[in-house]
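Asks: Assemble the complex: chain A is given as a structure, and chain B must be docked to it using the hints.
Number of protein chains: 2
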Amino acid sequence: MTPSASPLLTDLYQLTMLQAYVEQGMMETAVFEFFVRKLPDHRNFMIAAGLEQVLEFLESLRFTHDELDWLAHTQHLTRPCLNYLEHLRFTGDVAAMPEGTVFFPHEPILRVTAPLPQAQLVETRIMNLLNFQTMIASKAVRSVMAAVDKPLIDFGLRRAHGAEAGLLAARASYLAGFAGTATVLAGKVYGVPIYGTMAHSFVQAHQNESTAFEHFAEAHPENVFLLIDTYDTEAAARKVVALAPRLKARGMTIKGVRLDSGDLAEHARNVRRILDEGGLTETRILASGNLDEYRLQALIASRAPIDLFAVGTAMTTSSDAPALDCAYKLQEYAGRPCRKRSEGKATWPGRKQVFRTSGPNGRPAHDVITLVSDVQPGEPLLHPVMQRGRRSAPSPALDAIRKHVAAELEGLPEQLRPLSPGTPYDVRIAPALHDLARTVDERGVG
Amino acid sequence: MTPSASPLLTDLYQLTMLQAYVEQGMMETAVFEFFVRKLPDHRNFMIAAGLEQVLEFLESLRFTHDELDWLAHTQHLTRPCLNYLEHLRFTGDVAAMPEGTVFFPHEPILRVTAPLPQAQLVETRIMNLLNFQTMIASKAVRSVMAAVDKPLIDFGLRRAHGAEAGLLAARASYLAGFAGTATVLAGKVYGVPIYGTMAHSFVQAHQNESTAFEHFAEAHPENVFLLIDTYDTEAAARKVVALAPRLKARGMTIKGVRLDSGDLAEHARNVRRILDEGGLTETRILASGNLDEYRLQALIASRAPIDLFAVGTAMTTSSDAPALDCAYKLQEYAGRPCRKRSEGKATWPGRKQVFRTSGPNGRPAHDVITLVSDVQPGEPLLHPVMQRGRRSAPSPALDAIRKHVAAELEGLPEQLRPLSPGTPYDVRIAPALHDLARTVDERGVG
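Chains A and B, in that order, give the protein sequences. Last residue of the first sequence: 505 (the working numbering), numbering continuous. Last residue of the second sequence: 505 (the working numbering), numbering continuous.
Just chain A, with the same shape it has in the complex (with noise of 0.2 Å):
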């Protein structure tokens, strides 16, 4: 797993396009903007995210010899173009969104200002990172509200989109406030606590379930958690109350058990009782299962006494809403504002920028977007990341990230904090962008 993909990780037009840019020497600045054109449905808001790949994508981006040999081979590029692939490297600026901000349509999120024929190649790949771990974070932090103060872990990645998705997902569910996976290689890769317990396969391996957990025990005395529903759930439990004093005499502690099928209310509440009779009041219970939100919520609100959630498949597919409606779009070309105008697709001209106003009780009251030209009241939201091709300063830690999304958490409008949608957030467009969508409009197109 490479954090950075192959330039042929990209759509074939990007590449004609690119030939014709190269021919006809249409080297000049362009400016695109990637934004989510509106909320996916049962959204609020959304958390940025993705902007650490994007960028060791946009430093590392350069064609290897083999890729230009096979590139070469299937005869859809001239010399000439491959001559210029050759050689190319991002030298352009990029301005973005830190991860973990909290933003709404029509904000561009990250603006790329560079030579036409990069900003153009580099569309797919973009797109593709943030539209990701943008869409994970902004499911992920529905989780992380509905379970309040409850720790949530990530099992998603069997039921991930691929390699990738599962690493990027493990990332972007612990910067939306996850305290951790359970995919080893986002431990390695990333930093990211790991965690795991046992499955159901390990249980019936063994010719008794009391055999399995005592096993198990042996083999992680540190962390004993124990899986208790392969046959029944409450029996199981018992069992691990009969296993505790033998594994005490040895030292070891049962620290949880997991709980994966049937009413998870219910049974957590059965095991409870039952573990608590037994003097395992510490023992906690670990609940999976097919969870999201809304479950998350509706377990919460029924107070079951369990103390740590697994969320998998919802999360890690955004199962409700599996893509954004987004775009990276050309919005400045040689010094000229340009807009596209297809119908229910048209977008605002020009290079822009975020302004975030708050109100009297601190929390945001409204956004504006206009033109980096037309300084606003409010806090700029996008900031310069990337000059001439190298990061301005050093990428954030994924904890400061982390940080800043419960922060920003911490100072949600009310009416954007439950889980079904409420009053939208008030964002508007500024003057100056109206008066130059006339303007484009006016000037007109051949």
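A portion of the hints provided could be inaccurate.
Just so you know, same-sequence chains aren't split out, so a pair can sit in one copy or run between any two.
[Unchecked claim] Straight-line Cα separation of at most 20 Å, SDA-like style, residue types lysine to any residue; simulated pairs: (1) Lys404 - Asp351; (2) Lys97 - Asp379; (3) Lys404 - Pro443; (4) Lys307 - Ala360.
The set of hints was computed from the structure by calculation and includes no laboratory data.
Replies: For chain B alone, kept in the frame of chain A given last:
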């Protein structure tokens, strides 16, 4: 993009269980099977896919020194366990349905027979690979059926869940019957035909649309495909007609135009008329923009004059069912069949085979799931593909898999053809399997 991933792309519990197996000397043969518990909503059948990547993963499974050092540093595992991992190779057997085979819930499509620690460790990545490609192939084939004989192109990379998802979705949709993909890397890695036109930004970067069209034609005289909805679709079609004679004089023909917004059927009719009246009767119309199998079906039913379609997000994320309810379960250990009885998640024990019987019309009539030891009439669907860690035969070419899917669709029972769910296909559990389940339950567990 390596086709196989780090062995650390796994759940931590695979390693913690492995340590217990190693310590207890539980090295006997385990049999795990991968199956789907139930059809996603809106599906009548599934298409098995992803086996090739599973075999690549198993063949290349090994821990590097760097990975082992990192694991040692985490202190999750003991030295004997790390030593075991250092020498770990996959030495087991695999039987599977060929990629492209139609299958149904509870039918195993893959069976792994290997020493318990090996068979356990590979669970996460096997699920990750089979879940994704099977889900995508099963989704893509619906567009293939809806489009009848119109070619389809995968445009999904930008909203695929990361790099590997984009690459493997190109593969899975091609084997399902798509004509090709826009994803360049899928051409290099899998030989999938690649296609591309131009983006709105190309048109916007030019002072006017006609110049953009002309520049694109000059760069790609063999493949002039023009995007005509940036500003006004019908006006752009007239510009295409006006441009054609000038290009013709230079030996170029306009192969096609692309529509990407608005009422595609309406625009296609208008554009077809404009092109035909302008003498461009051979110029083809490609439609794209939020297409899925339902919109394809409606466009085909409306007899819109569209010659080919591009399908993106809906296919590449399997948007209406972005995960399968799938499992990889231990069915036998050390010669002892076993099953899980968790509520709502009970499994059938033992090593299984699926037999498919055709009716008088030559189409599949019913399947029987039974034990490998119980031969039934019909064609057995699982075949040995790996023995002692080596492939039994070279993998079929992707085009051969694609032909297999085409034959499967050709022979598909009528009731499974509609996009909406019909009478379920008849899948029977053989008496031998019922008997074994009863025996296992009566044996009970401690």
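Asks: Looking back at the numbered hints, which does the structure fail to meet, lowest number first?
Replies: The structure conflicts with hints 3 and 4, although it agrees with all the remaining ones.
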